[in-house]
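*Asks:* Each residue of the sequence shown is one higher than the last, beginning at 1372 in the working numbering.
Treat the hints as calculated values from the structure; they're not laboratory data. Glycine included, each C-beta is placed from N, C-alpha and C at the ideal position. Some hints could be false.
Said to hold, decoys possible - Computed beta-carbon distance windows for the label pairs:
hint, residue 1, residue 2, range
1, D1384, N1416, 32 to 42 angstroms
2, M1428, Y1386, 14 to 24 angstroms
3, F1403, L1379, 12 to 22 angstroms
4, G1382, E1426, 16 to 26 angstroms
5, P1378, T1407, 18 to 28 angstroms
6, V1396, S1375, 18 to 28 angstroms
7, P1415, N1376, 32 to 42 angstroms
8, A1423, F1381, 17 to 27 angstroms
9, R1374, P1395, 15 to 25 angstroms
10, A1398, E1426, 18 to 28 angstroms
11, L1383, S1418, 31 to 41 angstroms
12, L1417, N1376, 28 to 38 angstroms
13, M1414, N1377, 32 to 42 angstroms
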Amino acid sequence: MYRSNNPLDFGLDNYDSHFVCTLPVAAPEIIFCQETWYIAALMPNLSGIQVARLEWMSDTLSNGSRE
1372 MYRSNNPLDF GLDNYDSHFV CTLPVAAPEI IFCQETWYIA ALMPNLSGIQ VARLEWMSDT
1432 LSNGSRE
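Could you build all of it, start to finish, from the sequences and the hints given here?
*Replies:* Below is the structure:
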């Protein structure tokens, strides 16, 4: 997963600065429904879909510095 303030720039030639994490899921989908964001993905055994609520957080730490 990557993050950026600019949807057209995710760090071409500098991906590490935008990297957040690796999600251990297959075929993830981001869904916005009734003012709430979710992620849906295949279950590990491929027998269904798992869904989790997402929360967007600022990348600014409480002391004002950036991660």
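*Asks:* Which hints, by number, does the structure contradict?
*Replies:* none
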